[in-house]
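Full structure from sequences and hints, please.
Sequence positions in the sequence shown follow the numbering used here and run 120 to 580.
There's no promise every hint is true.
[Stated by the list, open to error] Computed beta-carbon distance windows for the label pairs:
(1) 271 with 426: 54 to 62 Å
(2) 199 with 546: 26 to 34 Å
(3) 262 with 435: 53 to 61 Å
(4) 306 with 225: 25 to 33 Å
(5) 128 with 550: 51 to 59 Å
(6) 383 with 412: 38 to 46 Å
(7) 262 with 411: 52 to 60 Å
(8) 285 with 262: 21 to 29 Å
(9) 219 with 314: 18 to 26 Å
(10) 314 with 142: 25 to 33 Å
(11) 177 with 381: 37 to 45 Å
Calculated directly from the structure, the hints in this document are not laboratory data.
Bear in mind the structure is a predicted one, so any value in this text is a computation, not a measurement.
Glycine included, each C-beta is placed from N, C-alpha and C at the ideal position.
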Amino acid sequence: AHHGSVSKEQRALVEEDLKAGRLPAVVATSSLELGIDMGAVDLVVQVESPPSVASGLQRVGRAGHQVGAVSTGVVFPKYRGDLVQAAVVTERMRTGSIESLRVPANPLDVLAQQLVAMTALDTWQVDDLLATVRRAAPFASLPESAFTAVLDMLAGRYPSDAFAELRPRVVWDRVAGTITGRPGAQRLAVTSGGTIPDRGLFGVFLAGSDPKKGGGRVGELDEEMVYESRVGDVFTLGTSSWRIEDITRDRVLVSPAPGVPGRLPFWKGDQLGRPLELGRAVGAFLREVGSLPKDDARLRLLAAGLDAWAADNVLSYLTEQREACGHVPDDRTIVVERFRDELGDWRVVVHSPFGAQVHAPWALALGARLSERYGMDAQVMHADDGIVLRLPDADVMGLDLLDQEPMKLGTEYDAEQAPVGAADVAFDKGEVDQIVTDQVGGSALFAARFRECAARALLLP
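Structure, rendered in structure tokens:
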């Protein structure tokens, strides 16, 4: 096995054995997607569709990685809906329709890291340092004010005492105009450099137990899940429900909550989500297949690279979707589905092919709108194929959904009246930017990304 949680030495051993042909197979995550030359690999088996066309080409390209050889790969989707993306990605891999590349301009966290590395061994004049940095294309337009602000941060000039525990990484002699790395800067740059973030995980412990003695550990939660949680919330881990008693800087303290329904935890990992270009292609493919007669649609799926069994599965999947909702979402159609779950709460599902990069800000804006318009504390989740909202029934019963005001005493509540409709999930082009800008600072995503940027800038202890 080869993945990011395996030690560096073990990964190197696996890579060497694979290159030498001593291993018949290796099970890997995207950790083997880049980097090493593996001419001995004959076949790549991709479990679940690749997240993008570029990633699919890179992964399948691990096979036959030598001059004149043909790269061979097989994709095994994990569920029927994944068959559609697998077909689209495979087809676009064959035509070379790779997603456009967006290079970040002036990434200041990377700049901080590079400045520490550059000054670790040599003393630099500030002007020379800026001129050298600007020779790199991503920093060609770097403002001097941003450069100076990064140097201030690395030299320990923080905006308040709240950052007192952070250690300066460089010495800035403002009289001589020089920058020198502090002791340990070289080791820090070597051991903590790079741009791949470490995912933050919080240990979950029974309240009152002593984690140092190894007792009372229940499991662990993703940092975004923790940022979205509050004391008193109930979540499910394993087969049990747990109530949050306290949240510390690296632990979640809980007590048992038997019989109480709780949120399902999530672990998001480092996936960026389906690119918009691929999302549009998936939607166009669904629209094309859905408009064809059954026999022609089957031939179209076979031409996309699916075998006969997979093609029949896609056709039955689309038929069931159409029977359930009346429509299949595509690049021109968004489907809003409403139903009650097993607990009696309303679920509203926004079916869309455009991917998590579109759905994440959309979900953030949607949650803010429901809170402002109805006073609902809706649970909003997003993924590549849409957005899911859970509306607690207690909140719904306290509303007059026609007047959007609290229900008057004695008013009969219509249990079958859906609380949120298509009009609630649609936004004008101009209002989304402002809503997301206002909301993102308090979101779990912002907190997680902020920590990753701080670590990348070599600020964290």
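Each hint, compared with the structure:
Separated by about 60 Å at the C-beta atoms, residue 271 and residue 426 satisfy the suggested range of 54 to 62 Å. Taken as a hint, the range 26 to 34 Å holds for the pair residue 199 and residue 546, whose Cβ atoms sit roughly 30 Å apart. The hinted range of 53 to 61 Å is satisfied by residue 262 and residue 435, whose Cβ atoms lie roughly 56 Å apart. In this structure, residue 306 and residue 225 meet the distance hint of 25 to 33 Å, their C-beta atoms being roughly 27 Å apart.
Checking the proposed 51 to 59 Å range against residue 128 and residue 550 shows it holds: the Cβ atoms sit about 53 Å from each other. For the hinted restraint 38 to 46 Å between residue 383 and residue 412, the CB-CB distance of approximately 40 Å keeps it satisfied. For residue 262 paired with residue 411, a C-beta distance near 54 Å keeps the hint of 52 to 60 Å intact. One distance hint, 21 to 29 Å for the beta-carbon pair residue 285 and residue 262, holds here, with the actual separation near 24 Å.
The hinted window of 18 to 26 Å between residue 219 and residue 314 holds, with their beta carbons roughly 20 Å apart. Separation of residue 314 from residue 142 is about 29 Å and conforms to the stated range, judged on CB atoms against 25 to 33 Å. Against the hinted window of 37 to 45 Å, the Cβ-Cβ separation of residue 177 and residue 381 comes to about 39 Å, which satisfies the hint.
Going down the numbered hints, you'll see the structure goes against none, and every one checks out.
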